[in-house]
Amino acid sequence: MLCVSADLPFASERFCEVEGIEDVQHASTFRSAGFAEAYGVAISEGALKGLTARAVVCMNKEGIVTHCELVEEITEEPNYDAAIYSIGH
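Start counting the sequence shown at 1; every next residue gets the next number (the UniProt record's numbering).
None of these hints come from the bench; they were simulated from the model. Quick reminder that beta carbons are idealized off the backbone N, C-alpha and C, glycines included. All the pointers check out, no bait thrown in.
Cβ-Cβ distance ranges computed for the label pairs, FRET-style:
id, residue 1, residue 2, range
1, G88, A47, 34 to 44 Å
2, I21, E45, 28 to 38 Å
3, I21, M59, 13 to 23 Å
Taking the hints into account, I'd like the entire structure generated from these sequences.
The following block contains the structure:
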């Protein structure tokens, strides 16, 4: 699993440790604003301008997208059960 976040990698790693989440590779957009723009997850206005929206994209081993969700409100959680189901777990 790859987690791409606007957080610094150590903060994302700490979160996973506290929550007991394993087997995650962490990547940060902290210094790469272009990533959020390129993938359509950039928040472009308001108090959270410059951060990334919450989104989940799942792909199978062949690189085919099996699930994609962009939540409307950053305070909402994505449907993690649907994401996990889409990759056969």
